[in-house]
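Protein chains: 2
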Amino acid sequence: MKGIRKLADHLGISIGTVSRALNNRPDVSEKTRERVLKAAAQLGYEPDQSGRSLRQGTTSAIGFVIESARDASDSVDNFFLGVFDGVQHVLNRHHLDLIILPCAADDDPLDFIKRTVARRMVDALIISGTRRRDERIAYLAQSKVPFITLGRSETPGPYPWIDLDFEGVANISVDRLVSAGHRRIAVALPNNDINLGFVYLESYKAALARHNIPFDPSLVVRTMSSEQGGYQFGHEILGMADRPTAVMASYELMTIGLYRRLHEAGLMPGRDIAVISFRESPLSRFLSPPLTCFRLSLRDLGSALGVSLLASMPQYEDAYPQGVTHRIWPMELVPGESDNHSQTGSAKR
Amino acid sequence: MKGIRKLADHLGISIGTVSRALNNRPDVSEKTRERVLKAAAQLGYEPDQSGRSLRQGTTSAIGFVIESARDASDSVDNFFLGVFDGVQHVLNRHHLDLIILPCAADDDPLDFIKRTVARRMVDALIISGTRRRDERIAYLAQSKVPFITLGRSETPGPYPWIDLDFEGVANISVDRLVSAGHRRIAVALPNNDINLGFVYLESYKAALARHNIPFDPSLVVRTMSSEQGGYQFGHEILGMADRPTAVMASYELMTIGLYRRLHEAGLMPGRDIAVISFRESPLSRFLSPPLTCFRLSLRDLGSALGVSLLASMPQYEDAYPQGVTHRIWPMELVPGESDNHSQTGSAKR
DNA sequence: CTGAAAGCGCTTACAG
DNA sequence: CTGAAAGCGCTTACAG
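Each protein sequence line maps, in turn, to chains A and B. Residue 466 is where the first sequence starts when you use this note's numbering, and the numbers rise one by one after that. Residue 466 is where the second sequence starts when you use this note's numbering, and the numbers rise one by one after that.
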């Protein structure tokens, strides 16, 4: 005999009353509620989650799927940890737990999601690393499990999403570089079908068009979203016949390898070539010269994910009546010295 | 009507038989088993985890607790993601799921563990970032929940643990530096009570003693386990009256800030001062000059954690009969150029 | 306001 | 080899 039964016997009342007291139902006398709460705290009683889940049909858990070792996640580093904290902060207000579900490298991401849903392990899901077309989204949409994606996708459906402002970043980057006189601007993109690569490229193209600069496909380099990928990017640039005078990296980790390769070639970012990166990380400030990049609050992003997800869950839509939301998360320019290099006569700004 | 009931009705047999077929019990005819398995696959049936858990008293889930935003975890970056993959690989062989439980920054780590255990969310736990004395360990030990720690602790008990070989790393680092003629070797340690800081310091002291070099407490700098902390470490070194000629960093991220501060002062690692870092990361190779540091396989470490944990779980001790294991995980020296700087006459090696 | 009872979806002795 | 039934720990209509 254990659990709520033990607690009830200990107090000499029925398990029903104990349950009601614990769950803050109105139909319990204040005196009884206090006795129950006190005894529960004393004995360290917490309701068994399986019992609750089975009865209520909900698990009180929200799953955040990450792919622990796939190409798309090379740069996960401390990105997700900040986001988790924000999500959790919102969920905890509703006594929901955030659990991270790592999809193994040798597991199929779609199967993984299917199993998770079918076994009813969580009440809702957050998925990340969205692909151009993402079958996980198609599956979740028809499964009726509430979910939100961190990242857009071309896969249609009325699901909520939040995505970083790749358009804004690409636009501002091109604008800055063009106004410093650059016309040959190379760009490093992930070499897979993750959606952000497409968005970034399109925005880059559009920005060039605004400045009447013809798009040169040879300036688009697809590479790994890692230090190694950035190194390779640097290598390819250096080998180009008509070498670009400025580069844009769509993943922060790429910048490390890029710096290294440029250094080996005796080129210094900001002096010999202009470099603009993507997300600011603690590293950015400690690179030499400091990186021009873009800032966001991971915690706020996480909170927003939590709120938007709750808004799409029937149980919480009253508390968050905004409905299904789509949101482009703004990023703030952090000017460094890596893009000081100018192609105009007056090099110094 | 849903779940196993629906599947049973669809096949015209009892739910008991369906369950037995699904769970590979011997007492089911081969024909029936095949029919059931086929129908389950077709209908995408997976047993509801709550129902199973309630009945069996186990959840088939192993929890890995990380603290998403505490000082101790500044350098989590991609360390854990590699480890997760290894753990999962082992657990999946036994149809166990790995779920990551992030303890929020504003939550108490002990309370978090207590809730997790009391609610019976997982069958066993992996905890990390062990402190010199760790009350989580004391609690888990008396709670009877199987667990393993990634990191040792002074808190006693017969629990299994795996820890990185801080002794070996500190020893080899000091040996290398001393044999290059260094006698003033500064060391950067975390400024909290995480156990690895104590182990590293003790080993550093012992190694100095072996070389008959007196221990100078002013060469021990306590700082944040981050880029910023490394920067501060560099700053303190530069301000020392009798400046050390070599430094050891106990956390890989510290090195970034250290390099930066040295660079600002016009000092180059490997030329003007010797630097040895801790764990090799993708970054190490892309720093200039390349870092002397230590390598380990995160995936293998994760697998070992999984195996040792299973060995301590009654259900699996037959498959892993090694009992409670304590293991120091070896790390392999990766010589770079950051410690080339020599204090002896013949500077080049 | 409280208690007794039903039932969530499973697994597993127990009969046959 | 299969079916009928009990029961895991909860929550929640339903009576009183």
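Misleading hints may appear alongside valid ones.
For identical chains, the list gives no copy identity; a pair is met inside one copy or between any two copies.
Calculated lysine to any residue pairs in the SDA-like style (CA-CA distance at most 20 Å, straight line) [unchecked claim]:
no., residue 1, residue 2
1, Lys579, Glu600
2, Lys503, Asp765
3, Lys579, His554
4, Lys609, Pro623
5, Lys496, Ile469
Simulated from the structure, these hints should not be mistaken for lab results.
Within a copy, between copies, both or neither: where do lysine 503 and aspartate 765 come within 20 Å Cα-Cα? Classified as neither; 36 Å inside a copy, 46 Å across copies.
Under a CA distance limit of 20 Å, which applies to lysine 579 and histidine 554: within one copy, between copies, both, or neither? Only across copies: lysine 579 and histidine 554 sit 19 Å apart there, 27 Å inside one copy, limit 20 Å.
Using 20 Å as the alpha-carbon threshold, which applies to lysine 496 and isoleucine 469: within, between, both, or neither? within (18 Å within a copy, 43 Å between copies)
Please sort lysine 579 with glutamate 600 into within, between, both or neither, judging by C-alpha distance up to 20 Å. Only inside one copy: lysine 579 and glutamate 600 sit 11 Å apart there, 38 Å across copies, limit 20 Å.
Between the shortest in-copy and the shortest cross-copy C-alpha distance, which are at most 20 Å for lysine 609 and proline 623: within, between, both, or neither? Close inside one copy (11 Å), not across copies (46 Å); limit 20 Å.
Comparing the model with each numbered hint stated earlier shows that hint 2 is the single one that does not hold.
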